[in-house]
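Number of protein chains: 2
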Amino acid sequence: MKNYLKPDEWCIVEDGFHAEYNEITESVMSLGNGRMGQRGNFEETFSGKSLSGNYVAGVYYPDKTRVGWWKNGYPEYFAKVLNAANWIGIIVEVDYETLDLNTCEVWDFSRVLNMREGYLERSFSARLKSGKEVKVSAKRFCSIVNDEAGAIQYSVTPLNFDAKLTLTPFVDGDVRNRDANYDEKFWDEVHKETGYGEAYIELRTKKTGFHVLTGMKFELFRDGQRIDFQSLPVKLEKYVANKVSLDARQGEEITLVKYACNLSSLNHPSDGLVFRAKKYLSRLADKGFEQMAREQAQAWADKWKFMDITIEGDTAAQQGIRFNLFQLFQTYTGQDERLNIGPKGFTGEKYGGSTYWDTEAYCIPFYLATADPKVARNLLIYRYKHLPKAIENAGKLGFKAGAALYPMVTMNGEECHNEWEITFEEIHRNGAIAYAIFDYVRYTNDEQYLVDFGLEVLIGIARFWSQRVNWSGEKQKYVMLGVTGPNEYENNVNNNWYTNLMACWCLEYAMQVAGRVKALNPEKYRVLCDRIHFREQKEFATAKDIVAKMHFPENEELGVFLQQDGYLDKEQLTVNDLNPGDRPINQKWSWDRILRSCFIKQADVLQGMYVFEDRYDEATLRRNYDFYEPRTVHESSLSPCVHAILAARLGLKDKAYEFYLRTSRLDLDDYNNDTEDGCHITSMAGTWMAVVKGFGGMRVAEGSVHFAPFCPEQWRSFAFKIRFRGNLLNVKATQSEVMIENLSAQPVSIFVYNQAVTLAGNAAKVILVS
Amino acid sequence: MKNYLKPDEWCIVEDGFHAEYNEITESVMSLGNGRMGQRGNFEETFSGKSLSGNYVAGVYYPDKTRVGWWKNGYPEYFAKVLNAANWIGIIVEVDYETLDLNTCEVWDFSRVLNMREGYLERSFSARLKSGKEVKVSAKRFCSIVNDEAGAIQYSVTPLNFDAKLTLTPFVDGDVRNRDANYDEKFWDEVHKETGYGEAYIELRTKKTGFHVLTGMKFELFRDGQRIDFQSLPVKLEKYVANKVSLDARQGEEITLVKYACNLSSLNHPSDGLVFRAKKYLSRLADKGFEQMAREQAQAWADKWKFMDITIEGDTAAQQGIRFNLFQLFQTYTGQDERLNIGPKGFTGEKYGGSTYWDTEAYCIPFYLATADPKVARNLLIYRYKHLPKAIENAGKLGFKAGAALYPMVTMNGEECHNEWEITFEEIHRNGAIAYAIFDYVRYTNDEQYLVDFGLEVLIGIARFWSQRVNWSGEKQKYVMLGVTGPNEYENNVNNNWYTNLMACWCLEYAMQVAGRVKALNPEKYRVLCDRIHFREQKEFATAKDIVAKMHFPENEELGVFLQQDGYLDKEQLTVNDLNPGDRPINQKWSWDRILRSCFIKQADVLQGMYVFEDRYDEATLRRNYDFYEPRTVHESSLSPCVHAILAARLGLKDKAYEFYLRTSRLDLDDYNNDTEDGCHITSMAGTWMAVVKGFGGMRVAEGSVHFAPFCPEQWRSFAFKIRFRGNLLNVKATQSEVMIENLSAQPVSIFVYNQAVTLAGNAAKVILVS
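Chains A and B, in that order, are what the protein sequence lines are. The opening residue of the first sequence carries number 516 in the working numbering; numbering runs sequentially from there. The opening residue of the second sequence carries number 516 in the working numbering; numbering runs sequentially from there.
Simulated from the structure, these hints should not be mistaken for laboratory data. As the structure is a computational prediction, the values presented were derived from the model and not from experiment. It is possible that some hints are incorrect.
Identical chains share a label here; the pair holds if one copy fits it or two copies do between them.
In silico lysine-lysine, DSBU-like type, Cα no more than 35 Å apart, as pairs [claimed, not checked]:
1) K721 / K1053
2) K911 / K794
3) K721 / K586
4) K700 / K753
Next comes chain A alone, as it looks inside the complex (with noise of 0.2 Å):
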């Protein structure tokens, strides 16, 4: 833990430079807006400890896969999400004596990264070797508005001199992935070219093909008036740069405003990438940097408005649960469907920001709640344009007749991951993708989804499931052999009941969404089945014959459900037994020791006890979280927030509270000193989920929303917004009340602590904390 960065209830502030924990403090001042983001670089030459990164959406790179000896099934590659051109750079040279931090004396550094409005700001002060001192200040944003574009104002300042001051500001695409696996850079060059006050570099992705023009436009300002410059034009190896030379004045304020874009092929015709760039950044600079910024306080605001959680009471709390909000926001706007959420956004490379079931186990039940339903929607879309691939990616292990195993990490839908001995076998992600279905469903109560889209992936997964059970003579069940459940600290088990369960769970969906589309439109159902080859009473019965007799492994004597079938065999020790030294584990230990200990990655019996709550009762829901939490080593950070909804929901405030707090500020703090690598963007939809559904009790059954708010006694009070279906509520919960304000003009009905309460248009309500 951490705790140089101040608590701020709307800000991330760095109050002094930090130089150690600089690549930490790089991820948590990431900047996004769904298209293109970077990590919170400095403009001006540093020398030392940083990751310097900019990633635009949708861009990637199939490097080779590192594995011993490659067999049948393996992926083809290991996806990774390009480090591309650096826009943000501008070199700065007092009498041709660069501004570095790390080879100056530094004060009054302060970096801020302004949630409320979407901005990073710095300042400083700085003594050069020459003697010189220099005042700086910068602020940057990417833009939602133009999110192809972002901008930034950079100001010196000489504090003791007259000299000259020389600013190059350069767009560089002479970049690699730190996390390539070969050393190998990703990026050609196709095009380079600069004229006054502008450059530009077209890069195209080995392999891919994606073609990225990245253009800058800049200006400049004497103590805030535009003045002209002469500015020398300078070309390297896939880098562009403008310098210019300016005679500064000791108090004089020299302001650099530079405007910069990335096109992509993505989103626009390869040629002409160029003539488009300068449009653009016309555009944007007739605009102004003033202008742009008031439109990027003004769209926050908005989102703010639908999403916001306020904490009374404790403002590191509060700060934690806005950082979580933000990144999520700059991550995924949800505006285009192939896109999607990569584990990092874009505030590292690591794990190569692909797709993983993060998505539909943790963010789709958050944008959900916190926007419109066509985010959502989109991202399930995403995965049924996938389908074909995954009925390819099935094939490819042996599976035949139109199963579709969708793959664990993707780009495009094709398996890409990078290790076999945890990967490969985590099949129940396939489960995760069909309950997104039901979820969003359920949320919106969309069946059209379900005839236009969801049928065919649930049909496909169903087909997956069946062909992937085998009959055990021995049992006298079906079972499922060889797989690896969301505890990744065991891999190639049988009958992980998490699988297992959520197996069943999907054929029988399938069976009844079948069913409900064949009475919402029986044409379009006939057609499907006619193009899939589904022969409904065939399949079904297999699933209704796998739905009877699968096998689930089970404790009877302790009363609980076992994670896989040899999980008792396993020395029967609890986390309070591990000496400290050796934790965290997947650090401490051999994975050969990880994998025989009963030792707990992440909620596995628990997670699906978490998804299918209302099918046990409440001495079931103990019984098992009393076995499994005190066997959970928390060691991913999509574990704490489970934990914390089942520890809320079983009345366990404390712990509820406790496992809060882990997942709040984990990249804030650094919990699992891996921050340095980037955020952990999608576990931060978890730690919404532990607000909303932990401590607010948020359900949704049978088109009604379920409040059972309690606050923590930490806090004063606590209140979030939920959208669902037309209706915009704000919860408010203190130690003693609940506040329901319904700010949309329709009515509402809703429940809370299962009583029926109905709000008029604009109203509120108040209930006691029962």
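Let chain A serve as the given structure and place chain B on it in line with the hints.
Chain B in isolation, oriented as in the chain A frame:
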């Protein structure tokens, strides 16, 4: 199956050039002398399909592993036997036109590996593009008398022209491994020099720092008369040569004799290697090619005397078995306890030339019976010297207090495999290493080995097993979780029957040996116990408890032991149910599907039945054989021999012969389509076992050797030789009788068909086949 190689009792014959199979032929016609070796490449330029390979025993490179995400306990590197300098090369130019069989018309081509005398011979006629015709004959060998040297006699005769003939003998160290993980070259140049008729290059391996000096010295003859010549020295990067131009007249034979050596820093101080090489090559040149060849023939005759197997009535079988014996003795001579037997010997790169459990499970029984006992003893000493590393290996995985886990793949005692998902958990290898000690002592009665070395290894191994099991509260037994058995088509399974059996046997044997050593030499025992902090009472109490309460999966109804706990949950099929197009499944099926299937790569439960045959009655052996044999796909070359021995034991003569056939000509017929990578050296020892332990029924029990031969009906007779405790026996079996010949002077008592037979020195007896 390819049938282009001609049957011959003593030779491998390629008649006519089979360019498409050239890499296979190169593997098969490899030469070696235990210290160095090479593939059967051409001396002259060849631009066709070829894998050039020269290897120096013990000289390896720790290549970076390829693994998605490295985890604690994974190997740090993957060791490769290096492709070393090519010393056979001779560029042949006719009026400046290069001789290259890929661009010529070729006739009268013959390439012959003479196994009786240990050399490779080649001759052909070729018409160059210019129409000029030459006749070439070449003969070479790696000397087992001067085991750092090789020699070549290379003759060119112009058939239809007088012309300028240019011969450029060279040494080329600018080579790479085809299997390099990151396409890197592994050698740095240290020194090179050329002189009149000689050239030297000294290379150093990256990282490991081995120096290898490869030198050559050559002479020229015209129609057998030595001639003087002028030579042009050539030096390129890691390359030295001498270019000689001669006026060649039609019908006149120009012969180049090239002597070469590999001196490595493994055997010599690394300074002064050039000086040593010059002296060494001068002595060889003084001895001359013919004398070297005579010595080579004599040395091979001495080997054949002790190990030959003769088969009457089946030339292909005779050729097959001799090929196996020849390759085994080319690979390992037992002179140097730092060396071991790589699965491909000197015939290719694959499997890195490292040491596997193949050595203990397959090769030691072979060398015990066919060579001086010190050969097997050196193989044991090799592991003894690695004991500290084995303890370190176990430590990396979390084991303590002197527990030793020998690596699955090693060069210097460190684990260096490249494939988590199979190799990591194949801990049964530890048992093979213990069992080899037992096997050696049973065979030789060298109990002093136990006192001096054996017990210490056995205690380290016993400590590993004691810690590796855990108590299952569920089963009220000790269990062994997360292992891979000999069947590599399963992994991370629980309670592999073979592994559990081996573990218990190791514990029992360690206790037995401790008692024996205490009796033989109490003082040494005490010193050892002190040194390794061995607390006999406590540690053996644990061991006894484990042996008494180990869980062994079995099915009483079927009367079989179960390969692992979940084996019967798998869909039960037999190999006959497989579509022939699906075989070999390791090339046709996804890894995922293979893991879930019941199909067995190589003997697993049956490996245990083979090793501990005397523990089980015939009915039990038969039930298990009948159950597992039909499920075994034999996609490891180590598998059929074990089944052959068991089939023979059960009287299933046809089956035994069928399995034997799959092993004996595996490489000659390229049965698995992979001989081009190199020959399956270690499994060749399995072929020997199939003959001697299978058809010969050879066993050692209570200090005596037993035989129970039967002659397959496809043969008139077969005979093999056995060295046993100072005696040399020849056992010959026909359909009707068995002749046992005592080729040594001292009398011997043996058992034939369980009847005691005593033979005086140099006497023979005939026994009718029972």
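35 Å Cα threshold - placement of K794 relative to K911: The answer is neither: 46 Å in one copy and 60 Å across copies each exceed 35 Å.
Copy assignment of K721 with K1053, given that the CA separation must stay at most 35 Å: neither (47 Å within a copy, 63 Å between copies)
Homo-oligomer pair classification [K753, K700; C-alpha up to 35 Å]: both (11 Å within a copy, 29 Å between copies)
35 Å Cα threshold - placement of K586 relative to K721: both (25 Å within a copy, 30 Å between copies)
Violated hints, in rising order: 1 and 2; the structure is consistent with all others.
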